[in-house]
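Given the sequences, and given the hints that come with them, work out the whole structure.
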Amino acid sequence: MEFVITTIFNGASLAAVLILISLGLAIIFGLRGVINLAHGEFFMLGAYTVWWTESLGLPAFWTGFVLAPIVVACIGWLIERSFIRFLYDRPLETLLGTWGVSIVLRELIRILIGPEHRYATQPITGQLAMFGFEYPLYRLAIIAFTAVVVTLVILLFTRTDFGLRVQATIRDRGMAEAIGINTSRIDQSVFVLGAGLAGLAGAVMGPVIAINPNMGLDYFARTFLVVIIGGIGKILGVVGGGSLIGMSEAGFSAFLKPVVAQVIVLAMAILVIRLRPQGLFGKTSGSAAKEVVSGTAITQSKGSSARFPSLFFKNEKYDLGAKYVFFLVLLAIFPGLISSYQLDLLSKFLTFSMLALSLDLIWGYAGILSFAHSVFFGLGSYGLALTLKYWGHIPGATYIGLALAVGLPSFLALIIGYAMFFRRVGGVYFAIVTFALGGILHSVTIVWIRFTGGLNGLYGFPNPRLGIPGLWEVEISTGMVSTYYLIAAVLVLIYILTHRLMRSPFGQILRAINDNEERMESFGYNVPAVKLVIFVISCAIAGISGALYVPVGFVSADIMGILFSTSAIVWVAVGGRGTLFGAVLGALVVNYLQVYMSDVLVFYWYLIIGLFFVFVVLVWPDGIIGIFNRLAQRLNNRLKVRYELS
Amino acid sequence: MNCLEVNNVTKRFGGLIAIQDLNLQIEEKELRCIIGPNGAGKTTLFNLICGNLEPDEGQILFKGESLRGRSVAERSCLGIGRKFQSPGIFGSLSVRENLEVAALGKASIRKITSPRDEKLKNRVEDVLAKIELMDKRDIVAQELSHGEKQWLEIGMVLTSNPSLLLLDEPTAGMTSAETHRTSEMIQRICEEIPAIVIEHDLKFVREIGRNITVLQRGSVLAEGPIDEIAKDETVRQAYLGRAVL
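Those protein sequences? They're chains A and B, same order as listed.
For what it's worth, my numbering labels the leading residue of the first sequence as 401, then goes sequentially.
For what it's worth, my numbering labels the leading residue of the second sequence as 4, then goes sequentially.
Don't read these hints as lab results, they were simulated from the structure.
Hints should not be assumed to be uniformly reliable.
Just a sample of chain B residues kept apart from chain A, beta carbon distances all over 12 Å, derived [claimed, not checked]:
1. E121
2. T178
3. S179
4. H203
Below, simulated SDA-like cross-link-like pairs (lysine to any residue); rule was C-alpha separation at most 25 Å, straight line [to be verified]:
5. B:K122 / A:H899
6. B:K124 / A:N926
7. A:K748 / A:F954
Because the structure is a prediction, the values reported are computed rather than measured.
For glycine and all other residues, C-beta sits at the position ideal for the given N, C-alpha and C.
As C-alpha cells, this is what we get:
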C-alpha cells in the first residue's frame, strides 16, 4: 500500500516538474511554431539564480524564488530581441539557432561558475505523515504550486485582454495586425513569459536537484515529449501529457531501472505520434503549429537550403573534374607524407566525413534535420565492437558485426521513419523527435555500463578482421596504412554511389519535395515513401561510418550523444548543405581546426560551436562551398562583362 | 465519342447550389473557353472533373467511362491534367528539372534512381519547345518572371502526357504581350490535346476565338462561337458594364 502511494506521489511530483517546465515551451510553440531548444537552459538559469542569491547571503530561498523568473525573463527578452525575432519565419533555422544559444548559455555557466554540482537549501523541510507513511513536504508543495501556476496561466490566456490578443494573433496574424494589435509585441511578451516560467520552474526545482550546467538537457528531452504527446499549443494538453509521462515513468521505475522506464516512455511517445500526430489531447491546433507538424512551414525557409551548383564549375558536365582528381591524389599519397599518428587522425576524420555525408543526404537535399544522427553512427560502432567483444574468437565475426552495424541503424530508421513520415510528421517536429530519441538513447548508453562501457568506453576487444574467415585474414587496426586505405576507399565508393543517386532524378525529387510536398503528391509521388527510403539509406551509411570508426576511434557513450550529433550538423553547415563534397570537406576542416587550436581555445570549443550556430543561421546559411560559389560567380560575371566589352 | 461529357451535374454546398443541372461536351481536339462572373462555378466544375469533389447528382464521363468514385490521383493517371491558378512550381529546381520531376510521378523506383533515358530527355525537350522556354531550361525556376512560371506550370502538366488539359486562368497576372504569347501557345498545344480553359481575360478568349461556354450561377447561360455570344443580350447583362465583348 505504502509502495503504491509513494509511487503515485513520485509520479505526481515528476509530472508537476515536467508540466512547469513544459508550459513555457508550449506557449512559445503554440504562438509562433518555434521550438526553443534553449528552454532547458532557462530552467537551469532559474536554478542557478536561487543558488546565487543564497551564496550572496541574501534571505535564502525566497529572494531567489522571486528573482529567478525576473532574471530569466530578462535574458529571454534579450535573446528574443537580438536573435530569435529574425528567425520566426524559418522554423528549422530557429531550431539550429536556439540550439546554439543553448550551448552558449551552458558553456558560459561552465566557464564562469564551474562545472561542479551546486546545491540550494530547501525552504520547507519536514515530512507530511499520512496513512501511516511519510512524504517530503516540499515535493507536495511543488505539486500544489504547479496547480496554481497552471490555473493562473490558463486564466491569463482565456480571461484577460492580453490573452484575447494572443489568441487573435495565433488565429490570423495579418488580421490581428489590421485591427491594431502589435503582433511583434505579442511575440515578445509570450517569449518573455515562457522564459520566466522556465526560470520559475528552475527556482522551484533548484533545492531538490543537483544544480549543474547540464541539468537543462536532462529534463529537456522529456519536456519535448510532454508537449508532443499533449498536443501542440494546448495548455491543458501539457497538463495531460506531463501527468501521463510523469506517472508512467514513475510507475515503470518502481519495477524497472529508470533508464529502461525512459526508453519505454519514449517508445510510447513515438507510438502516440504514429496514431495521433496532433497529440492525445489536441484537436486541430493553432495554424503555426499545424504547419510545423506537416512540414509546410518549412517551405518558406527555402532560400538558404535552395540550390547549390558545384564547387568550381557552373556546368555539371565538368563536375567530375579537377577537384576530385586533386582530392583523390591527396588521399592516395597522404600515408607517405605523414606520421602514423597523423594517419590515424585522418582516418578517424574520414569516418566523420562519411557521417557528415550521410546527414547531408537527408538534411541538405530532403530538408529532414535529424538531431539523432550520432545514434545511428553509435549503433554502427557498438554493433561491430560488441560483436567482436563477445564473438571475436569466432572466424568471420567481423562480418556479423558489419551486418549488425548496417542492420541496426537501418532497422531503427525504418521504425522511426515509418512512424513519422507516413503521419506527415516532418520538419521541425521530426527534428524534435530525433532530439528526444538521441537524448534518451544517450543516457541509456551511459547508464548501461556493463554492456556499453558507459563513458569509459569499450576496451580490449579483438580487432576486426577482413578476408576469408579461417583461411586468410587481415587485421584492421590502428596505425596501419591498410586501415587508412580501407576507410578512404569506402568513403570514395559511398561518395560515388550517393553522388550518382543525387544526380539521378531521385535527387531532384528530394529537392522538389523539400520545395513543395503537396504539389509532389499531386504529380503522383508517394512522398512519405521517398522520404523513408532516403532516411534509411542515410542511416545505413551512418552505421557504416560508425563501424569504420571502431578500429581508429574510441567507442564510448559519447559517440551516441547529442553533442556529437551537433558536431555533425556543424560539419555539414560549414561545408555547405546540399553539396556532398562540401559535407566531406566540412568535417575535415572543422576537425582539424579543433585539433590544432591551442588548449585555451579547446576550453572554449563548445562555446565557439554555439556562437557559430547562431552565426550560421543569421548570416551564413550556405557554408564554405557557398562562399566559393559566390566568389566563382562574381569572377565569372566579371569575366563575362570583360568578354562582352571586348 | 466525346472526350469529356458532363451530364446533368448538380453540386450543392449546404444550401448553396454551386453547379445546377450542368451539361457540357468536349470533343476530341476541342479547345473550349469557359467564362463567367465570380461565383459562377467555374473552379467548382474543375474540382468535380478532377475528383476533388463528387457531384451530388448526374455523372461525368471521360472517354465514355464514368469517373465516379475515382480519386484525384487515379483521374490524373487516366489522363486528366490540371493547371492550378497559382503556380505550384519547384523554385529551387531548374526549368528542365521541374519538367522531369513532373514527368516521373508515375515512374517506378528503378527508373527514378537510374540516369535519365533518351525517352525522358526527348519528351522534356519537346515540352520545352512548346512552352518556349528552351533557352531558359537551366535557369532556377524561382528566377523566372511570373508569366514564364505560368508557362512552366503548363509544361509540367504537359509532360505527364494528359489526354485532357484543364487550365485555370492561365493568363492571370500577365502583361498583354505575355497574354498574347500564351494564347498562341495554348492554341498550338491544343492541336493535339483537347483543353478547357477558364479565363477572365476576354481579350484572350477573343484571340482564341473558338466555342465558348458562359456559366452563370452554376448553369450554362450560353454556348457557341465567340461572335454569337458577343451579341447575346443576356450575356451582356451578366457582364454588365463590360463592353469588351
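Structure-based check of each hint:
1. E121: Holds, since 14 Å exceeds 12 Å.
2. T178: About 25 Å separates T178 (chain B) from the closest Cβ of chain A, which puts it past 12 Å; holds.
3. S179: The assertion about S179 (chain B) holds, with a minimum of 29 Å to chain A.
4. H203: 24 Å, holds
5. B:K122 / A:H899: Holds - the C-alpha atoms of H899 (chain A) and K122 (chain B) are around 23 Å apart, at most 25 Å.
6. B:K124 / A:N926: Roughly 23 Å between the alpha carbons, so the hint for K124 (chain B) and N926 (chain A) holds.
7. A:K748 / A:F954: Given that 25 Å is the threshold and the Cα spacing comes to 10 Å, the pair holds.
Checked against the numbered hints given earlier, this structure breaks none of them.
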